[in-house]
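Starting from the known structure of chain H, fit chain W onto it as the hints suggest.
Respectively, the protein sequence lines represent chains H and W.
Oh and the first sequence: position 154 is 154 in my numbering, straight run, nothing missing.
If you count the second sequence from 1, you need to add 1000 to reach my numbering.
Treat the hints as calculated values from the structure; they're not laboratory data.
There may be inaccurate statements among the hints.
Stated by the list, open to error - Ranges between beta-carbon positions, derived for each pair: (1) H:H266 to W:I1058: 25 to 33 angstroms; (2) W:M1171 to H:D158: 41 to 49 angstroms; (3) H:R123 to W:T1271: 54 to 62 angstroms.
We treat Cβ as the ideally placed atom computed from N, Cα and C, and that holds for glycine.
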Amino acid sequence: MSAVSTASNTQVRIATIGSVDDGKSTLIGRLLHDSKGIFEDQLSAVSKASRRYGDGTFNLALLTDGLRAEREQGITIDVAYRYFATPKRSFVLADTPGHAQFTRNMVTGASVSDIAIVLVDARHGVVEQTRRHVSIAALLGVSHLVLAVNKMDLVNWDETVFDTVVTDVAAIVSTLGSSVPIHPIPICATDGENVVDAGDKTPWYEGPSVLELLETLDITPAATIEARLAVQWTLREHGGSDYRGYAGRLEGGAIRVGDMVTVHPHGYSSTVAGLTRAGSPTDIAVPGDAIAIELADDLDVGKGNVIVVDGTHQPVDATGLIADVCWFTDTELNVGDALVVRHASGEVSARVAAITHRLDLETLENTPTDRLILNDIGRVELALSSPLVVDEYTVNRAGGSAIAIDPVTNATIGALMIRSGC
Amino acid sequence: MSAVTSQNELEILASRSHLDRLESEAITIIREVVSGCESPVLLFSGGKDSAVLLWLAIKAFAPARLPFPVMQVDTGHNFPEVIEYRDEFVRKYGLELIVASVQESIDRGDIPDPGPTGSRNRQQAVTLLTAIRTHKFDAAFGGGRRDEDKARAKERILSFRDKKGGWEPRMQRPEPWNILNPRIVKGEHLRAFPISNWTELDIWEYIAREEIPLPTIYFSHERTVIERDGMLLSVGGPVVPEDGEVPRKEIVRYRTVGDMSCTGAVRSTATSYEDVLAEVSTARITERGATRADDNFSESAMEDRKREGYF
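The shape of chain H in the complex, shown without the other chains (with noise of 0.2 angstroms):
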């Protein structure tokens, strides 16, 4: 069948996140650069633009800083996603904006990433929007943050600096509840000391480059739920047949011919007759897979569906949400505003019902309020027109994510991870 054995290469996914002027371009710049990953017109093209735009050295932030606006203001506005990749792995890398007005498009950026690269300016250490980003990470559920100090030449390699932005980042980490593994690295971006290759000025740190640890961490989900498969489309044969395929990405765990599953919200029971992953046959698909499941049993079942393999851990058929909301937007979120929120299981009315908290990124403490402003994170409980089926975020994160949508202006919103649904 294939033509050419394509050696089998794990994709990795990474967000860089940061302060503003932490160095965060300049680091991807340093890694495409190292592993050789940018071609001889692209840096010939940031040559040009750092004559214009710097003061003539070499700029490697200029790689990434692709909008004109960016150029000029010097600053990373949205989302910039770079490709590269090594004999063992390969990188979809996206480079968050440092500026807390773009924090939407950090959130972005950091909700499907397996590795968060946290940037920290060794003469600042962890300032507000350090801990901002830091919060975020924990929260959305990376698998692994990255704490890369840089300038460190500029603090002339000194380890207590280096230990004293250590202490704080795990303090912010635990302080939140969170589990994930933080590896911290001494770095200084622009030359490239411990980026890919070890360097010779930190003697006191023994551990891997920033580009060794990005190629050997451990980035496999550990599955706890049984699969799930949010229906997208339902696949119709024309002529005769009466093949009808239950089309989504599967989640939670693996699901085979033959196994019991449960339609949500009805509660039909049936079993798996079929499974095809990306339109071929085959007998069992694992969570990522884009498969279409046939049912034994003639069935209502369409958009809005979830079919769940029967077992311990099903999702919940909610009309109401409690959720921690990130706020994208200028104009305040009050208790009664209308909503839509578009989830896996569909799209619906929501209304506000309260807000309790919002996290105070200063003190990491949850502080009561009844209103939410911009790059807030806070929870909210809403009421829904009709039922979604959602997981807990913590243990589902497809099926315990949305956006909050403003059916006015159609913009999105916020973004809401589900902490329980009734």
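Frame of chain H; chain W shown alone:
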């Protein structure tokens, strides 16, 4: 009970390659857009990226038929091999093809006539927007990839276009967890980019793995070319040798397929998927840098065209 616990399942999970992950992601996006939009269309140029996109779309709905038509924007300066390939592909898979003609836009006076040798690349946007309005499409799938260009690197998977068809990079909808927001009002439309996260190398590895048919010009052949602005342009159609340009025969292939007036060939002896794959994995110049005059005018050339409604 059926959670991923057994060794067998872990092994299957670990055996999913980067191509499998990209394939699943693209199929999921295609299905989501079809379920969230009334009237989608797939833009099929006959190039390798749109061939992969169409292949994924066919797989997304197999064994059912593709639930939307495919559309080509015909600049009138397409390579004849590409038109031939397009027609064969459409016939083989029983697809509905719409051709939107730049020449008709010129004849109607919608766009100025750039003359027989002028590039029609930028003008395609007008023809595309007219076709989207005429057929009342609310979403157009494109084979754009973020690694192609720095403006594309900033684009969402579902890209919102206003009533004039324009793109506003500062007003893009966030897509946390890849949850797409397909809500629009009448007159607005969406562009959907299911293969956003694929690189040129991923595309070739997938084409080779799946044995996806391609136009013959992607493989080495002899062609009469002239060298202009450092690019090898095929003589004929819109490309007429000017003073001092001497046509000569070269062994070449194309890395991208676009308008004949601005798509350059590269010297190559690669005749098979394996040969091309070997060539692409050692290339030191991006495909657009090597072969597209249209992107090299300024460092914001692509951003400017996208704001005007380009792909």
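To see whether the hints hold, each was checked on the structure:
1. H:H266 to W:I1058: 25 to 33 angstroms: This hint holds: roughly 31 angstroms between Cβ atoms.
2. W:M1171 to H:D158: 41 to 49 angstroms: 44 angstroms, holds
3. H:R123 to W:T1271: 54 to 62 angstroms: About 56 angstroms separates the Cβ atoms of R123 (chain H) and T1271 (chain W), which means 54 to 62 angstroms holds.
The earlier numbered hints are all upheld by this structure, with none contradicted.
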